[in-house]
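**Q** Spelled out, the chains give:
2 protein chains.
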Amino acid sequence: MRFEQRTVTCGFLRPEHAGQQVVLNGWVNARRDYGGIIFIDLRDREGVTQVVIDTSHRPELDEQIRDVRSEYVLWVKGAVRLRENPNPKIPTGLIEVLADEIGIINAADVTPFEIVDDLGTNEELRLTYRYLDLRRPVLQRNFLIRNKLYQITHRFFEEEGFVEIETPVLTKSTPEGARDFLVPSRINKGRFYALPQSPQLFKQLLMVSGFDKYMQIVKCFRDEDLRADRQPEFTQIDVEMSFITQEDIIALTERFVLQAWKEILNYEVSTPLLRMPFKTAMERYGSDKPDLRYGLELTNVTITAGVCGFSIFSDAVASGNVVMALNAKGCGSFSRKQIDELGEHAKKYGAKGLPWLKVSGGEVTGSFVKFLSDEHRDLLLQELKAEDGDLLLFSPGEWERACIISGALRTEVARRTGILDGVAGTYSFHWITEFPLLEHSEEENRWIARHHPFTAPMDADVSLLSSDPTHARAIAHDLVINGYEAAGGSIRIHTNDVQQTMFDLLGFTREDADAKFGFLLNALRFGAPPHGGIAFGFDRLVMLLCQTDNIRDVIAFPKTTSGLSLMDGCPSDVDTKQLGDLGIALTRQ
Amino acid sequence: MRFEQRTVTCGFLRPEHAGQQVVLNGWVNARRDYGGIIFIDLRDREGVTQVVIDTSHRPELDEQIRDVRSEYVLWVKGAVRLRENPNPKIPTGLIEVLADEIGIINAADVTPFEIVDDLGTNEELRLTYRYLDLRRPVLQRNFLIRNKLYQITHRFFEEEGFVEIETPVLTKSTPEGARDFLVPSRINKGRFYALPQSPQLFKQLLMVSGFDKYMQIVKCFRDEDLRADRQPEFTQIDVEMSFITQEDIIALTERFVLQAWKEILNYEVSTPLLRMPFKTAMERYGSDKPDLRYGLELTNVTITAGVCGFSIFSDAVASGNVVMALNAKGCGSFSRKQIDELGEHAKKYGAKGLPWLKVSGGEVTGSFVKFLSDEHRDLLLQELKAEDGDLLLFSPGEWERACIISGALRTEVARRTGILDGVAGTYSFHWITEFPLLEHSEEENRWIARHHPFTAPMDADVSLLSSDPTHARAIAHDLVINGYEAAGGSIRIHTNDVQQTMFDLLGFTREDADAKFGFLLNALRFGAPPHGGIAFGFDRLVMLLCQTDNIRDVIAFPKTTSGLSLMDGCPSDVDTKQLGDLGIALTRQ
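Chains as they are written, first to last, in our numbering: chain D, 491 to 1079; chain W, 491 to 1079.
Please note that a few of the clues may not be correct.
Any copy, or any two copies together, can satisfy a pair, since identical chains are not distinguished.
Below 27 Å or equal to it, Euclidean Cα-Cα: the simulated DSS-like pairs (lysine-lysine) are [unchecked claim]: (1) K1067 / K860; (2) K709 / K1067; (3) K860 / K638; (4) K752 / K837; (5) K579 / K752; (6) K837 / K875; (7) K875 / K827; (8) K638 / K1067; (9) K567 / K838; (10) K679 / K827; (11) K638 / K709; (12) K1067 / K579; (13) K827 / K838; (14) K638 / K752; (15) K1067 / K837; (16) K837 / K860; (17) K638 / K819.
These are calculated hints, taken from the structure and not from any lab test.
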């Protein structure tokens, strides 16, 4: 196929180029025929240029472009001239190219959907024809932003003295947390590699090796039941440093975020960022990743509620639980149905019910108002700073559960009242610190690591490991942006004995610990430096920068929530012979 | 564990810092005790600094470092001073730090091997303790070079206007060539993802999407029986461009290689690089990736050999085959045993025997000299420019096979005669072009694509596709450096009809083609631009830059040739429950 190669892109030309002879290559974005004059908007990655075909003077051109419609690929040679009717909305809107020669590089069938941004088309169809979907301006822009973040990331960490090192994708299965994707080995039949959930152990070993400052933009994998904002494979910026403290990691991260938001959005992140201990975040916002773009803070009303006379509250408090409450400002107008919906929402997070009060026209109504003395009622209103028109939502229960339920109600209320829409386009960055090191798994009846088993306890809390593990805090830090966990990390355990103590505490037998993590335990015996790090959710950072809440908008070829690629139909059946070579067979379903 | 954080690295201090108070953190590289004075060489990524502990004046320090030996991690606080006995061999060799305070950050067991470069230790032990192996200066240096190449790569392609886009790791299995690694899907039981052998189709689809210039540094996977220089996962720089010709790809690649060699080795690559058609490379060097740092060219002696009277030659020529020959300059002194070894080497490449002649003291001897007339003998010597002391090696057979055998002998002779050692540290860069598009698989009795089925035929050879496919050449290009294929690529087919023709030619039924590559065939119907690209073997580039021929020296955590990671023992057994969740079971071996 012969074509003349472009001399400029479709985003290049400006009035100062008028009179020049140019060649454009691109896609037909639109075609408009006006008897004798045909306009074609020609598009490439850089922009759109208007091409004019004057068929009244050049009838042979009419012949050549007779079949041309949207998404045909053309080459056009001609002279740049100023437009009679400029379009100030696009950078090339002051000029056009008068076609002298024109040729079809490739034809295009009618596309299954239009290549425009505001698209009614359902996402399945778009994902099936992802290569067309990706032509839409909004997705083109997202991937240019994603690319910009790559380049900023590489440059930033290079300038900070980090060494980029690749860790393996075919690794050892050490399930502790999410499920691993497995890869059967053909050469070593009956044995399996696992795709890494994170390069955690490798980056720690690189610190033991003395690489000092490591970074990598790396794919990680989790075989989880997918949620809307999850993908089976995701990208993280993985970072680890030696001879440092938590302060160094926090400062580095803040410099990085500052630079990224500045370069991409020209947005000034104000550092140092607010830091909030886990306990405070839970009590005030009911989340370990609260969105601080708005208030709607929770109140712990345990003391008053415990004596207010409502037995659900007093029973809860008597058994050592708490009562958290949210003043849904201005939601006193919510109907009974709306309040029931909030109750249903609370139940998803483990609530048994949703006691509420409403203040309206000086009158207090609600699900349990009849059990309250005037005095206790007023005390509750006062603690919650309730005013006329407010709705008060109460969550009695175990402390963390009650906080989470109230936090979920906080988010839901923000969504329903338009608070979330009101803060769109703004950013809130902060740290959550002092996470609990452990949590008790009722299911497995053992302690499990809240972050991962390699996280160091806070110096002040080391003694709690033997006496009161529940209250031992980790030297961990999560960066939260607009309610998303954008990055998370910790200082790691760097001595063999503390790591062994941790495995003991988590209920590993020595044999188990050796079989799974013996190489790490060994490495810690040969002079491991103090080290720690952080991992950024790259896809999430891009989502935040692109201001989308659909993760598939920032991943070129994403999977659906069922783990399918609708474009190529994977996962797919494979030959029995291939399975035989691997020494595996399908079991009867 | 309390320690004082470093104020400088172990590679920082110079004479101008004398008198300053500093803190160092690092590993004990060596300890030397001289009664009353102890010297410790403290090491980190940046270098080594000599620390002096004057125990005669500071006896309490003696106590503190009593147990300290190699690979202990220390912090040292003290004043910089000029050395009495400078060591000009290291950048910090003019100064030392007189310890004022010193502390053990972490202890170290005796390491299973010494942390030095010239190591007798076998590679298995080193790989088992890879985190210690990586402390050796030569490996530290290799990974700093690798990092430098990453950064140069990102910067170069960014400046050239490329967009970095990630393609999936969980992809569709389309085995055509090497075996895929498979990943069983838990959510879609009985179905499998495959790890990509290359992002070929995705990058072509990104061109269809209009991203114009794409690049990615990406992990690829091949489940092959491993050879010494292969790994099951490897890294490539993947590049694709739209609206371009082969010349654009070649020019881009040359700019990249020029910049990389310049920045890393301060080596001037002289561009434009030599280009050699596949056919010439085979005839002159017996390889499609010849090492051009030395001559030892082959000679096609078919015409003379066919009539020389030696029936093995004449029979070969009569049946349409050829006789290739190598003048192993100066190897006339090879013993019979050495020549037999060359014969064994030739057999590995498919030779049935190795006819040879030797010129020594004016006398010609050899395995078939008795069948030759003086005239034909002299003619052969003349064609091969044989001089006294030369050894002539002949390979009769099918053209490509005979070339490959002669080429293998060329390399072996270069190795044995020290020619290869003589060119160590030098570089030869060139292009191989005009590859055959197809080759005939005797095994499958069908045409298979020599590169891959998406490679475009040369314009001049399109008509050969139907008449004489053997002689159709591809618009393909391999960059060869020192006998390694450092990069390979092509212009791709960008129209549906040519791609369909190609699949037909390769013996795909329409159903097969649709099932495997339907999404590509579809994409080519919606306005695909002309496009092409190249992929660089990143690990190989690093090997060449580091001047090592062991690929494991440039991969942080490599596998053995049996696909094992000796450090963590993967691949490993997994729970039956995990397999059950995936709907698979092991078959009886």
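**Q** Each hint: holds or not?
**A** Consistency of the hints with the structure:
1. With identical chains, the CA atoms of K1067 and K860 are never at most 27 Å apart, being 72 Å at best within one copy and 53 Å at best between copies.
2. Taking CA atoms no more than 27 Å apart as the test, K709 paired with K1067 passes between copies only; the shortest distance there is 26 Å, against 30 Å inside one copy.
3. In this assembly of identical chains, K860 and K638 lie within 27 Å of each other by CA distance neither inside one copy nor across copies; the values are 60 Å within and 73 Å between.
4. Neither within a single protomer nor between protomers do K752 and K837 lie at most 27 Å apart by alpha-carbon distance, with minima of 41 Å and 64 Å respectively.
5. In the homo-oligomer, the alpha carbons of K579 and K752 lie at most 27 Å apart inside one protomer (25 Å), although the nearest pairing across protomers, at 44 Å, exceeds that limit.
6. With identical chains, the CA atoms of K837 and K875 are at most 27 Å apart within one copy only, with a shortest distance of 26 Å there and 91 Å across copies.
7. In this homomeric assembly, K875 and K827 come within 27 Å of each other (Cα to Cα) only inside a single copy, at 25 Å, whereas the closest approach across copies is 99 Å.
8. For the identical chains of this complex, K638 and K1067 are neighbours neither inside a copy (44 Å) nor across copies (43 Å), given an alpha-carbon limit of 27 Å.
9. Neither within a single protomer nor between protomers do K567 and K838 lie at most 27 Å apart by alpha-carbon distance, with minima of 62 Å and 57 Å respectively.
10. Within a single copy, K679 and K827 get their C-alpha atoms no closer than 59 Å, and across copies no closer than 41 Å, so neither meets the 27 Å cut-off.
11. For the identical chains of this complex, K638 and K709 are neighbours both inside a copy (18 Å) and across copies (21 Å), given an alpha-carbon limit of 27 Å.
12. In the homo-oligomer, the alpha carbons of K1067 and K579 never lie at most 27 Å apart, since the shortest distance is 59 Å inside one protomer and 60 Å across protomers.
13. For the identical chains of this complex, K827 and K838 are intra-copy neighbours only, at 17 Å inside a copy versus 81 Å across copies, given an alpha-carbon limit of 27 Å.
14. Both within a single protomer and between protomers do K638 and K752 lie at most 27 Å apart by alpha-carbon distance, with minima of 12 Å and 26 Å respectively.
15. For the homomeric pair K1067 and K837, neither the shortest alpha-carbon distance inside one copy (49 Å) nor that between copies (32 Å) is at most 27 Å.
16. For the identical chains of this complex, K837 and K860 are intra-copy neighbours only, at 24 Å inside a copy versus 98 Å across copies, given an alpha-carbon limit of 27 Å.
17. With identical chains, the CA atoms of K638 and K819 are never at most 27 Å apart, being 40 Å at best within one copy and 56 Å at best between copies.
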